[in-house]
Every structure is written in structure tokens, then in C-alpha cells.
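Just so you know, the sequences run in chain order A and B.
Numbering of the first sequence is given in my numbering, commencing with residue 1 and proceeding in unit increments.
Numbering of the second sequence is given in my numbering, commencing with residue 1 and proceeding in unit increments.
Please keep in mind that the hints were generated in silico from the structure rather than gathered at the bench.
Among these hints, one or two may not hold up.
Claimed, not checked - Within a straight-line C-alpha distance of at most 25 Å, the following computed SDA-like cross-link-like pairs (lysine to any residue) qualify:
1. A:K521 / B:T73
2. B:K102 / A:K198
3. A:K521 / B:E83
4. B:K93 / A:K198
5. B:K93 / B:T166
6. A:K198 / B:P10
7. B:K154 / A:K40
8. A:K521 / B:A52
9. A:K521 / B:Q114
10. A:K198 / B:R3
11. B:K93 / B:R129
12. A:K521 / B:R110
13. B:K93 / A:E603
14. B:K39 / B:Q114
15. A:K521 / B:T84
16. B:K93 / B:P10
17. A:K414 / A:V403
18. A:K40 / A:V153
19. A:K521 / B:K102
20. B:K102 / A:T392
21. B:K154 / B:T84
22. B:K39 / B:R110
Claimed, not checked - Example chain B residues on the side facing chain A (calculated, C-beta under 10 Å, incomplete):
23. Y7
24. R23
25. H153
To be verified - What follows is a set of in silico ranges between Cβ atoms, one per label pair, in the way DEER data are often shown:
26. A:N31 / B:R23: 25 to 35 Å
27. B:E176 / A:W380: 31 to 41 Å
28. B:I120 / A:R562: 35 to 45 Å
29. B:A165 / A:H544: 44 to 54 Å
30. B:L20 / A:S77: 39 to 49 Å
31. B:Q162 / A:F397: 36 to 46 Å
32. B:A173 / A:E148: 24 to 34 Å
33. A:W44 / B:R23: 34 to 44 Å
Only a predicted model underlies this, so the values are computations on that prediction, with no experimental measurement involved.
Glycine is no exception: its CB is placed at the ideal position from the N, C-alpha and C atoms.
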Amino acid sequence: MIPELGHFSLILALCLSLVLAIFPMAGSLTNTPRWIAMAKPVAWGQFTFTALAFACLVNAFLSNDFSVAYVAQNGNSLLPTMYKISAVWGAHEGSLLLWAFILCCWTVAVASLTRNLPAAVLARVLSVMGMISIGFLSFLLFTSNPFERVFPVPLEGGDLNPLLQDPGLAIHPPMLYMGYVGMSVAFSFAIAALIGGKLDATWARWSRPWTTVAWVFLTIGITLGSWWAYNELGWGGWWFWDPVENASFMPWLAATALIHSLAVTEKRGAFKRWTVLLSLLAFSLSLLGTFLVRSGVLTSVHSFAADPARGLFILIFLCIVIGGSLALYAWRAPDVTSGGRFSMLSRETLLLGNNLLLIVITAFILLGTLAPLIYDAMGWGKISVGFPWFTTMFVIFTPFMVVLMGLGPLTRWKHHEPAELMRTFRVAMLVSVAAGLLVALPILHDFSPWPGLAVMLSVWLVSSLVLSLRQRYRNRASLRALLKNPWARGNGSYFGMIIAHLGIAVFIIGVTFVTQFDVDKDVRMSPGQSIDMAGYTFRFDGVHTVQGPNYSADRGSIVVSRDGKEVAQLGPEKRNYLVQRKPMTEAGIDAALMRDLYVSLGEGLGGGDWSLRLYYKPFIRWIWLGGLMIAIGGLCAALDRRYRIHVREHAVQPARASRKTLAHEAHS
Amino acid sequence: MARYLRYLVPLLLFVLLVGLLYRGLSLDPKIVPSPLIGKPMPAFSLTRLDDASATISDTDLRGKVSMLNVWATWCTSCRAEHETLVEFARTGKIAIYGLNYKDDRADAQRWLMQLGNPYIANAFDPDGRTGIDWGVYGAPETFIMDKHGIIRHKHIGPLTGQVIATEILPLIAKLEASE
Numbered sequence: 001m002i003p004e005l006g007h008f009s010l011i012l013a014l015c016l017s018l019v020l021a022i023f024p025m026a027g028s029l030t031n032t033p034r035w036i037a038m039a040k041p042v043a044w045g046q047f048t049f050t051a052l053a054f055a056c057l058v059n060a061f062l063s064n065d066f067s068v069a070y071v072a073q074n075g076n077s078l079l080p081t082m083y084k085i086s087a088v089w090g091a092h093e094g095s096l097l098l099w100a101f102i103l104c105c106w107t108v109a110v111a112s113l114t115r116n117l118p119a120a121v122l123a124r125v126l127s128v129m130g131m132i133s134i135g136f137l138s139f140l141l142f143t144s145n146p147f148e149r150v151f152p153v154p155l156e157g158g159d160l161n162p163l164l165q166d167p168g169l170a171i172h173p174p175m176l177y178m179g180y181v182g183m184s185v186a187f188s189f190a191i192a193a194l195i196g197g198k199l200d201a202t203w204a205r206w207s208r209p210w211t212t213v214a215w216v217f218l219t220i221g222i223t224l225g226s227w228w229a230y231n232e233l234g235w236g237g238w239w240f241w242d243p244v245e246n247a248s249f250m251p252w253l254a255a256t257a258l259i260h261s262l263a264v265t266e267k268r269g270a271f272k273r274w275t276v277l278l279s280l281l282a283f284s285l286s287l288l289g290t291f292l293v294r295s296g297v298l299t300s301v302h303s304f305a306a307d308p309a310r311g312l313f314i315l316i317f318l319c320i321v322i323g324g325s326l327a328l329y330a331w332r333a334p335d336v337t338s339g340g341r342f343s344m345l346s347r348e349t350l351l352l353g354n355n356l357l358l359i360v361i362t363a364f365i366l367l368g369t370l371a372p373l374i375y376d377a378m379g380w381g382k383i384s385v386g387f388p389w390f391t392t393m394f395v396i397f398t399p400f401m402v403v404l405m406g407l408g409p410l411t412r413w414k415h416h417e418p419a420e421l422m423r424t425f426r427v428a429m430l431v432s433v434a435a436g437l438l439v440a441l442p443i444l445h446d447f448s449p450w451p452g453l454a455v456m457l458s459v460w461l462v463s464s465l466v467l468s469l470r471q472r473y474r475n476r477a478s479l480r481a482l483l484k485n486p487w488a489r490g491n492g493s494y495f496g497m498i499i500a501h502l503g504i505a506v507f508i509i510g511v512t513f514v515t516q517f518d519v520d521k522d523v524r525m526s527p528g529q530s531i532d533m534a535g536y537t538f539r540f541d542g543v544h545t546v547q548g549p550n551y552s553a554d555r556g557s558i559v560v561s562r563d564g565k566e567v568a569q570l571g572p573e574k575r576n577y578l579v580q581r582k583p584m585t586e587a588g589i590d591a592a593l594m595r596d597l598y599v600s601l602g603e604g605l606g607g608g609d610w611s612l613r614l615y616y617k618p619f620i621r622w623i624w625l626g627g628l629m630i631a632i633g634g635l636c637a638a639l640d641r642r643y644r645i646h647v648r649e650h651a652v653q654p655a656r657a658s659r660k661t662l663a664h665e666a667h668s
Numbered sequence: 001m002a003r004y005l006r007y008l009v010p011l012l013l014f015v016l017l018v019g020l021l022y023r024g025l026s027l028d029p030k031i032v033p034s035p036l037i038g039k040p041m042p043a044f045s046l047t048r049l050d051d052a053s054a055t056i057s058d059t060d061l062r063g064k065v066s067m068l069n070v071w072a073t074w075c076t077s078c079r080a081e082h083e084t085l086v087e088f089a090r091t092g093k094i095a096i097y098g099l100n101y102k103d104d105r106a107d108a109q110r111w112l113m114q115l116g117n118p119y120i121a122n123a124f125d126p127d128g129r130t131g132i133d134w135g136v137y138g139a140p141e142t143f144i145m146d147k148h149g150i151i152r153h154k155h156i157g158p159l160t161g162q163v164i165a166t167e168i169l170p171l172i173a174k175l176e177a178s179e
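All chains, full assembly: derive it from the sequences and hints.
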């Protein structure tokens, strides 16, 4: 009965999304206050029914209701409770339901948290979100109903894919979806603004905190995904350039460009068309990601539900949403007035430069991801694009980006004297080059310039941030003001920028050092045997069998010591999940800020001998630490006071903005 | 007019992309019909992966029901199927041979040492010539031959427990039973 209730709720939610898509929009165009007023209650109704449907599916998993086909495929009575809940989004139907549910969450969040938005604009925004909702809810109901019953009822469920039975992956999809779907808010604001023909600083100001929050979720989601891959795939890798990973990374890059471009639009009224286009692009790439993952167009280790019929549905949906919005853009954009002027060297140009670099990288990733498809469609045979393509691209573009990132916060809007900029950065430049050389020289005889370059870029970034802090708090009065009221408006976004940019510096160090200095060994070990690697001694104490709730595992015990002192005990496992009969590796990891010791268990070779893979991974934590800092920075920026207080000014006066001195200016 | 055309560029790019994706839908990367099914396996003679001085040829595969798995270390899907393949090899249901495709010898040897070796022997095909003869589109692909060396089945994409249980095992039983 309860699954039918869930099914019925979904149908009601679809009906409400139709109402939401039609009436408030029509009301805002014909100026009918009664229709405009429908937006909020209908959004809440849609949310309530989708939430109910979601709760019904969760309930079906918790109560082991195997008469529901989806539960029978992905649930199991032996699953720990946490994974029973995460199994809800463990496969296609449920993850779509989660997607639709999160979309409704964002819709009611927009409906209830934007008090200072004119009712007609809010109605339009909610209407656009309703249209997106129609797409997803009908996709669910017509092609992938999670409440489908199965008869005869199986006695036991097919179990959740063991790869997904990991705490990191239990929360990775919801985070990622919060990010993907959150981009729909910026998208809806952009569409509403295009329809209304009012693209101004106010629009950018409304859009900014939403975009930043969505971007924070996307950052956390991607970081978690990478951390999961490292823990679970037993390969010591943290990023694979898999189509599914690319599908999450491309919206992130576009959104990164967007949050910076929104800053320019809000503060200077410039780049309006470009910002709108980026808003459309960020969400379009999220949708494209869904298509690539769900349609089976590309093969990936992640795509667990490929079905061409579903693919066609998403493709049609893509055409309507993306095609429609780009057509609207082509129609409306020519009428948008150009914003404030700026000279060749100004914060605007630097941000534009970084924007372009981000989009170029996105384009390269898109090309690399689609290349197998392009080759196939053109009849050139089949290829697979691997690491070299993507890595080369990053090595080429990142340095330019980091140089601009360092200059940006210290450059004035509108115009900056080149000579003055040179003076400001003289010391930073010297320090970073010297630091880079210092690191590069001892290693240079190995012909590896990369660690030096990474140190140089990171030092450059850090020293430019220090310079920026020094300039902002040059006099005591400003410092006192900060200590007296650290939450004053502008501080959140400024320190958010500092933290996030420091995160990039940390990330660059992590990536470069782990790729350059990691040591690994494939070994055959007998119980009691010791092997030395990277200054550590790994002693293998044999393998014993352990029982998990729904798997049995061989667990090796390895004692790691350094200079005779024990450092860590590692227990890498090879798990065999009882239902799915899939072997899984669970690496044994000793994590520390400066290095990870990582052991994965290979094959039993007879006589108690096992093959093992030992890794010494310096600085790998810095990769996720960087990701975390970037997310925290975004959060600080999103929580800035100025988004919370009632804002009365309608548009920023460019003339006034330009007179503001750098010290008082808050960066993005 | 040109002023307006500029803003159509994103839309046009998107239309191109949709065309590509639509084409992609009809091209399932997993289903590529093989004209080789029902035909004798193409002849080859290559060096062994583990020993560059020894050779392996199609005659090694004849006279029994055999499996040829095309793999490479650069292929993530091969990584995904490898453990399944190792498990399957333990059952001893079929003689599993490998074709190491467009790969590096040292990398491939290391991979087998670390992840386990399900193969009786591996043919080393660095330039993919033999792969072309066999109509290999991309790794992983798996061929099944009967006792007379006739290709009976081709599976594209990673082998899973389910594929083995529902497709491969019944086929092996059938081929073993027939003369």
C-alpha cells in the first residue's frame, strides 16, 4: 500500500509542477496578481508530495519490501541501516527520485528565503524551476518508476552494489546532486531575467549566494568522490578522468567561472551577457552529465543503468531545456546593454581571462569525454582518451590561471597602472621564483621541473594573498574594525576568497607532490617477512578471515615501523559480498598530513604468501584538504552579511563603485 | 544582422552536440555485431607476454572450448572486470587466454602480478595488428570459441558475474556437450 502511496504522490507532484510551470509565469506576463501568488503555495505542495514519495521509498528499503522491484534489485535484509538508506539512491530510479526531491528542496528554499525579491520575478523563477521539475518527474513516472511492483515477490533482495557500500559514497551522490540541481537556481534566475529583459546588478546579486551555495555542494561532492575512489578502488588513485567524473567536474568549472563573473556583473554591471550564458552553461552541463551517465552513450565503470529508451527521453528533455534557453538567449541577448567600461589592465580583464581559461579547460574536457563518441559516430573506429590528454591540458592552463589568480585580488576595478602593479608584486614575484628554484634545483638532475613549478605557483598565490591582506588592513582603524565586528558585510566574501584561493595553493602542492614523489612496490610476501620502502619497514603478519554483516573478507595485517618504532597497523581487506558475489578491495591506509601509507591486498599465492601493493603517498591529504578549504571559502562567501540584510539599492552606480578604493572593496 | 548572429553561436554548437548525442544513442558502445561469429578464429602468432622469446598462436587455443579476453592496463573497464575474471578462472570451467592489446609489456606484467593472473597464457599485441584481425574495437572484449576453433560468442565491455552466469556458462555447457 505504501509504495502505491508513493507512486500517487509522485503523480500529484507532477500535476503541481505543471501548475507551477504555467500559472505563475502566465501571471507575471499578464500581470495577474492572483496567478503570481500561486507560486509559493504550489512550490510547497510540490515539495510535500515529492518528499512523501521519497519517504515511501526509504520506508520500502527499511522494511525490506521486496515486492517493490527496485528494492528487490538493490536492497537486502542484511544491509546495515545506513546502506539501506543510501541504497535508495544506489541505482537509476532512486537516484532520479533523489534528484527530483532535491530540486523541490531548492525550489522551496528559493520560495522562502528570498524576501526582498519582487513577487513577479520570484514567480517567474519558481515557474522555470517548475518546468525543470516537470521533466524530471515525468521521466521518473514514464520511464523509471521506482515503485514498480514485482511478482512473484523474491525472498531476498539482490543487494546494493558493493562498490557503493562505503560511508563516503553514501553521502557523495546527495552532495553532488545538491550541486548539480542547485545550478538550476542560477539557471532559473537567468531565464527569468531574460524573459523580463532586466539583466542588471540586482539580478546578479540575487543569483550570487545561490550559485555559491550550489558550487560549495558540488565542491564537497567531487572531493568526497575522489576520496572514495582512493579508499575503495585499491588502486591508490584519486581521480580517473572517467566520463562520470568529468560530468561532475565540467559543471564545477563552469560554475567557478560563473561565480567570478557574477561578481563582476554585480559590482560593475559588466559582462552581463557572458554571465547569463555561464548561468545557462553551468546547469546545461549538469544536465548533460546526467545524460551521459544515464543513457549508456559512453561506457564507464560508473554507469550502472544504461538504457537507450531513457537516453532518448533525456535527449529530448535536453533539447527543450538547453535548446530553449539558448534560443531565448539568442533572442534577448542583443538587447542587453553593455556595462561599465574598463581598460586593458583592470580586475575585470583579469577575471575575464580566468573565465576564459576555465571555459577552455571545460571545452577540452568535454572534447576528451566525447571523443570516443565522435570517433564512433564518424566511423573512425573506437578510441579511449586517457590520462595524458587531460593531464597535459591541466599542466598547460593551470599556471596561467594561478598567475591571474594572484594578480586579481590586488588589481583595481576599471583601471590599474601596469607600473604600479609591477611595484606591488615585485617582492611576491621574487619570493615565488626563488622558492620554486630552491625546490627545483636539487631535483633538477632528475629532469623534473614540476615540483619546482608547483611550489612557485603556490608561493605566488600565498604571497599575493598576504599582500592583499596587508593592503586591506594597512592601518589600525581597519584592523580594529575587523576585530570589533568580524561579521561585517563584505568580510565573509573577502575571507571566503582568501580561504578558497589558499585551498587552490594547497591542492596544487598536493597533486604535484603525490604524482612526483609517490613510491609504490608490488611484492610477494610471506608471513613474518619485512620489506623496506621510503624509509618505512612493512612487516606482513599473514591473513585471516573476518566476517562482515553481508560479506566475508580476507584481512591482512601489516605492521609499519620507522627506525624501529611502530607507526601503524594496517588491515587491508579483500571482501567477498555474499549476494552479489563481487570481490572488493578495501585498502589499509594510515593517513597523516604529510604522507599516507597505503596497502592493498592482492592475491593469495599459496603457502600463506600473498601479493601486496605498498604505497607511500606524500601530501595526498593536501588534495582533499584543498577541496575542503575551497568549499569552506565558498561557504564563507555565501554567508556574507550583505546577502542577508534587506538591500534597497537597485543598481550599483558604476561611477561610485569606481571611486571606492581597493582596500574597501570586497572581492567576489 | 551580424550583431544578432553572434548570439546564435551557443545554440548552433548545442545543435551540433545534440546531433552527435542522437547518433550516439543508436550506437550502443556495447553492442557491435561481429562478422566473425560462426567463422574460424583468425590465425595469429605472437610473443608471450611473460616471455618475449616464446610464442603463442591460435593453435594453442584449438581442440577445446576456449576464451580469449582482450585487455590492457590503460583500460579502466578492464580493471573493473579483472577481479571477476580471476574468480571465474578459479572455477576452471574454461581455458582462458588473454590478448594484451596495445599495451606496455612491463606494465601488463606488473598488473598481472598485483591483481592476479586468470590467464593460461597471454599473447602480446603491442601494435594491435592481431586485434584488427579479430575485429577488436576497444578493450575489454571477450571471445568464446568451440572445440574446432569456431568463434561462437563475443562479449563487448566488462564481464560481470551476471554476464558469466546468464550468457557465458550456459554457452560453455552447450559447447562442451556438442562434438
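Status of each hint after checking the structure:
no. : hint                        : verdict
1   : A:K521 / B:T73              : holds (17 Å)
2   : B:K102 / A:K198             : violated (57 Å)
3   : A:K521 / B:E83              : holds (20 Å)
4   : B:K93 / A:K198              : violated (70 Å)
5   : B:K93 / B:T166              : holds (14 Å)
6   : A:K198 / B:P10              : holds (21 Å)
7   : B:K154 / A:K40              : violated (56 Å)
8   : A:K521 / B:A52              : holds (23 Å)
9   : A:K521 / B:Q114             : holds (10 Å)
10  : A:K198 / B:R3               : holds (20 Å)
11  : B:K93 / B:R129              : violated (29 Å)
12  : A:K521 / B:R110             : holds (10 Å)
13  : B:K93 / A:E603              : holds (20 Å)
14  : B:K39 / B:Q114              : violated (36 Å)
15  : A:K521 / B:T84              : holds (24 Å)
16  : B:K93 / B:P10               : violated (55 Å)
17  : A:K414 / A:V403             : holds (19 Å)
18  : A:K40 / A:V153              : violated (41 Å)
19  : A:K521 / B:K102             : holds (24 Å)
20  : B:K102 / A:T392             : holds (21 Å)
21  : B:K154 / B:T84              : holds (17 Å)
22  : B:K39 / B:R110              : violated (34 Å)
23  : Y7                          : holds (4 Å)
24  : R23                         : holds (4 Å)
25  : H153                        : violated (19 Å)
26  : A:N31 / B:R23: 25 to 35 Å   : violated (45 Å)
27  : B:E176 / A:W380: 31 to 41 Å : holds (40 Å)
28  : B:I120 / A:R562: 35 to 45 Å : holds (42 Å)
29  : B:A165 / A:H544: 44 to 54 Å : violated (30 Å)
30  : B:L20 / A:S77: 39 to 49 Å   : holds (45 Å)
31  : B:Q162 / A:F397: 36 to 46 Å : holds (42 Å)
32  : B:A173 / A:E148: 24 to 34 Å : holds (33 Å)
33  : A:W44 / B:R23: 34 to 44 Å   : holds (42 Å)
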